[in-house]
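**Student:** Sequence:
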Amino acid sequence: MLVMTSFLPKPGEPEPLLLSPWIYSHQFMFLKTNPTGGPWSTEYEKEILGPVGLGTLCIKDPPEIQHEQLDLTCPSKQPEWSPAEAYPSLLKRNSSFLSSRNISYGSCSCDSGAQLCSSYPDVPVNLPVASHDTMFNVSDRNLNRWIVNSFRQYAGKLELEPLDIYHRTTGSMIGGIELGVRLALRSNAFSISGNGESRNVPPTDTSNNSSAISPIGNITEKLPNETISNSVKSPVETGSNMTRTSPVDTIPYDPGTAQNSVSNGSSSPPLDVVNDNVKVWFNNKAWISSISFMNAINNVILRASLPANVSREDYGIVAINHPMNLTAKQMALETLKKAGTSILVAVTVLFAMSFVPASFLVFLIEEKVSNSKHLQLVSGVNKLVYWLQVYSWDFMCYMFASTLVVFIFLAFNEEAYISPQNLPGLVALLLCYGCAVIPLMYPCSFIFSVPSTAFVVLGCFNLFVGLITTLTVTVLDALMDDTLESVNEYLKVIFLVFPHFCLGEGLMKLANTYWTSTFANSYGTNLTSVNIWSWRMIGKNLTCMIVHGVLYFSINLSIEYKIYSKLFAGVKPVPPPVTSEEDDVKKEKMRVEGEDGALNDVVVIKRLVKVYANSKGVKPAVNQISFGVGQGECFGLLGLNGAGKTTTFKMLTGAIKPSSGNAFVMNHSILSEMDVVRSYIGYCPQFDALNDRLTPREHLEFYSRVRNIPNVLLNSLVRESLNRFALVHYSDREVRTLSGGNKRKLSTAIALLGNPPLIFLDEPTSGMDPGARRFLWTCIQQAVNDGRCVILTSHNMEECEALCTKLTIMVNGQFTCLGSATHLKSKYGQGYSVKVRCVEGRRSLTEDYLAQHLPMADLVESHATQLHYRITGQVTDLASLFRTLETAKTVAGLVVDYSLSQTSLEDVFLKFANAQVDEIKKPKPLMSYMRSFMFCSCSSCCYSNQTRIETTPATVEV
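Numbering (the UniProt record's numbering), first residue to last: 1 to 958.
FYI, nobody ran anything at the bench for these hints, they're computed from the structure.
Take the hints with a grain of salt, since some may be wrong.
Result set (EDC-like, lysine to aspartate or glutamate): computed pairs, CA atoms no more than 20 Å apart in a straight line [to be verified]:
hint	residue 1	residue 2
1	827	877
2	606	593
3	825	582
4	911	858
All figures in this text were calculated on a predicted structure; none of them were measured in a lab.
The whole structure should be built from the sequences, with the hints applied where relevant.
**Tutor:** Put into structure tokens, the structure is as follows:
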């Protein structure tokens, strides 16, 4: 865009223009001498074909403007001819030439409805002229017909730049000269006098009504636009559109001697008032061709009138067009036109600065979706500090982009913005726009969950708002309509709520101020210097953008601190009552809710509730759970997906706020002292909250600094963590290249970094191979042995039995049982499990034998030779049970081998998990609703003949 605007002309008075035929470069022209011409026609012919020729191209010491605008000089090598042939009669020369070749005129016909003329078989004779242009001698031809027939042949492109004189291949027919034109007068007779003598001129024949200057390419029976240039002054009828000039006032009409100031005296030929006239032909597509050829022939008339002893190269008439100064209204209009081009620059800047701030949201949303931001907050980063460092870094990146914009303006010399007066204003506008628009993007990070979608939507939003508001005001300003002026003023005030408009309007104001001052100075008008910092100029825009920055950043912090939920919180829904609780759950609740029961516990949770409400009512994700965990204990949360395990972790780490209840970590409440609570917490989220572009070493160094580990201990602590979790070989590789197991190791290492007293592990071994899982169990067990409190969730019953000193099974957001793994199996287990592999072909005999000797055993499953029995109830005599199975193997020969085991923790888990209802639907982000709406709208047509998809009503977090 700046490249295009750089070609626009600069403001100011129009430059003087030299009126010369060679302003269109070298060209084709023609010369015709009529046989009726007098002696002066012969003189004019000699001058045209002489060393100086037409115009002033070949005179000595031409004016400076001719050098500047023509960039042409008279060729040093003049056309060569012998003195005897220098000035022959053109008519005689062409007559003998044509008669020798039997050339006939072309014919014209109107049979087809339009005039069609055949071309002449030969090109007219070329005459040598001083400027080396191509001049045709058409004295022997019907000039009107020749122009019609050959016009398109010589109607080349009009070149405004000079061409190479000797290598020109194309040209244009700009004009021509006709000598010896008979003057057509409408009066019967008139009297002329000169040199003291008077005589009467008889009436002339008016049938040959030709003009002294006629347009080429507009030939009709009666040629329009006629202007007569005569060598004498004659009274003519008013309104005949004739202009008459006399190059030398003292030239006599009868043979005699003319006295002129340039010589002592010279003999001049007699002047035929009627027949010694000149007609100038011009191409009306070349705007100044008429006056240019008039000036060229006037130079010929001047030099033909000079005495023979005077050098023709010393005399010439230079015609220059000096445009009139613009009026005040015209100057205002030109200023408006030039300032209007500034809207292109403003649009370009708005376009660039619309996508730069939108790009800052990509990384923020990636951090939010991956839980990296939450992990940083849990590790001890203050929310205010987090957003201040984000804003600082984004503003530095924006400054780099703004610097490029200024450099581009400097490179293209956009004086409207880089002038000494306006450059500080441009910089201030860009800085304040960054201060305002960057915080405007931040609240949207809480809405979007797909970075690319956020970038496109917000980039288009910025561009749309900036263009619509700026163009609306600009168009209304350009209309200058009194009825719309009040509307325009209101819009200018309303649009100030958008930083994009403040930037666009500020740029327009700078441009208008510059161009107004420039035009005024170029026309000699001195205007009072305008203060660009005033409120009427960009001061208002800068102030509004600063206010925008503070306002939008405050809105973002209020969302981060959930102030809006406190101000607009309604009546909290009452969760449903807790269903029947087991004795162990009741005892734990009584213990933690007592005065002195849980004073030494690291974490104490009291009636913690999280409720989600939807159109069908209230459903609790977590329903009044209470428990406590002390030092050196590992507490396990078991449950199906949607049971409330991760929601409990999110409430304890501050990701979401509880609907009711409270929790205490080291005697600090999560409701009022979350920043202090997070300093005691190490957290391993369910999904790896890692930055793919960092290495394990960089992750550990970063979180070590976040946890305020001294620099003297940082390197040794990082090395110890890498060795402890077997990550030394991968320490300098980007995280995205690591396997899933190594990523889980790194996440656990971050959680254990700095020895926090409380560690939350959300499914720490998910996706790991058995060897890595066992290795991680060892690391967790070592942390428990070191006296740290560990709370973990898992779907692996073996893992819970190996690590947890106490565990619970969550169903529908509440505890159904609580205790050690052995206690739960013994209390809620269903006796023993017997698995028998019988001899092939004797399966029915084995079933009959065991049914007779073990009547309390129920056959649960059978497959080929495999039989699975379950013994319910209390078994007091295990010895008799073993004797029966051993007899069936050794004596009866029915059993190949057998196994007897207590009911597993998995069996207990499945017993309670069967009561789990459908997963509670959490609130979805705004963009998820939009995608669901579009999908449902389309699927209503595309899947009308298929099974209808049932959707769960949307829920709202309380």
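**Student:** Which of the listed hints are broken here?
**Tutor:** none
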